[in-house]
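A.B. asks: Based on the provided sequences and hints, a complete structural model is requested.
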Amino acid sequence: MGVVVNLMKKTVTGFNGVVANINSVDDATIFFQGEDRQLSGDDPMATFYVTGNINRITGVGSVVTTVYGNEEIGSSSSYFELICTPTRRLF
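For the sequence shown, our numbering assigns the number 15 to the initial residue and increments by one for each residue that follows.
Among the hints, a few may not be true.
Derived CB-CB ranges, DEER-like [what the hints assert, rightly or not]:
#1 T72 x Q52: 31 to 39 Å
#2 S38 x F94: 15 to 23 Å
#3 E86 x A42: 40 to 48 Å
#4 Y93 x A42: 18 to 26 Å
#5 R51 x T99: 28 to 36 Å
#6 T25 x N69: 13 to 21 Å
Read the hints as simulated data drawn from the structure, not as lab findings.
Note that the coordinates shown come from a computational prediction; the quantities given were computed from them, not determined experimentally.
Note that the Cβ used here is the ideal one computed from N, Cα and C, for glycine as well.
C.D. replies: Here's what the structure looks like:
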């Protein structure tokens, strides 16, 4: 799984194509959430939700992804524990 945190754009990507917005950042933690609707014509097939956090010092994070689908797809949730490798800080 590839997770990209872009502090300049205030986004986190890498979960079912959802671009999550960073809600807040402090000295230790990045908090984010986002959603994306997948459509079939005019009918929504599924909505993907992502919410989570990543510790900026240790790289440890947790993420919950939830899919709310139509009757054919159904709904499900997944929980991920991450260990991210931070890149070198630029400043």
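A.B. asks: With reference to the structure, classify each hint as holding or not holding.
C.D. replies: Hints and how they fare:
1. Hint check: T72 to Q52, Cβ distance near 34 Å, so the stated range 31 to 39 Å holds.
2. Restraint check, S38 to F94: a C-beta distance of roughly 20 Å satisfies the suggested window 15 to 23 Å.
3. At roughly 42 Å, the beta-carbon separation of E86 and A42 lies within the given 40 to 48 Å, and the hint holds.
4. Checked against the hint of 18 to 26 Å, the pair Y93 and A42 passes, with Cβ atoms roughly 21 Å apart.
5. Between R51 and T99 the beta carbon distance is about 32 Å. The supplied range of 28 to 36 Å therefore holds.
6. At roughly 18 Å, the beta-carbon separation of T25 and N69 lies within the given 13 to 21 Å, and the hint holds.
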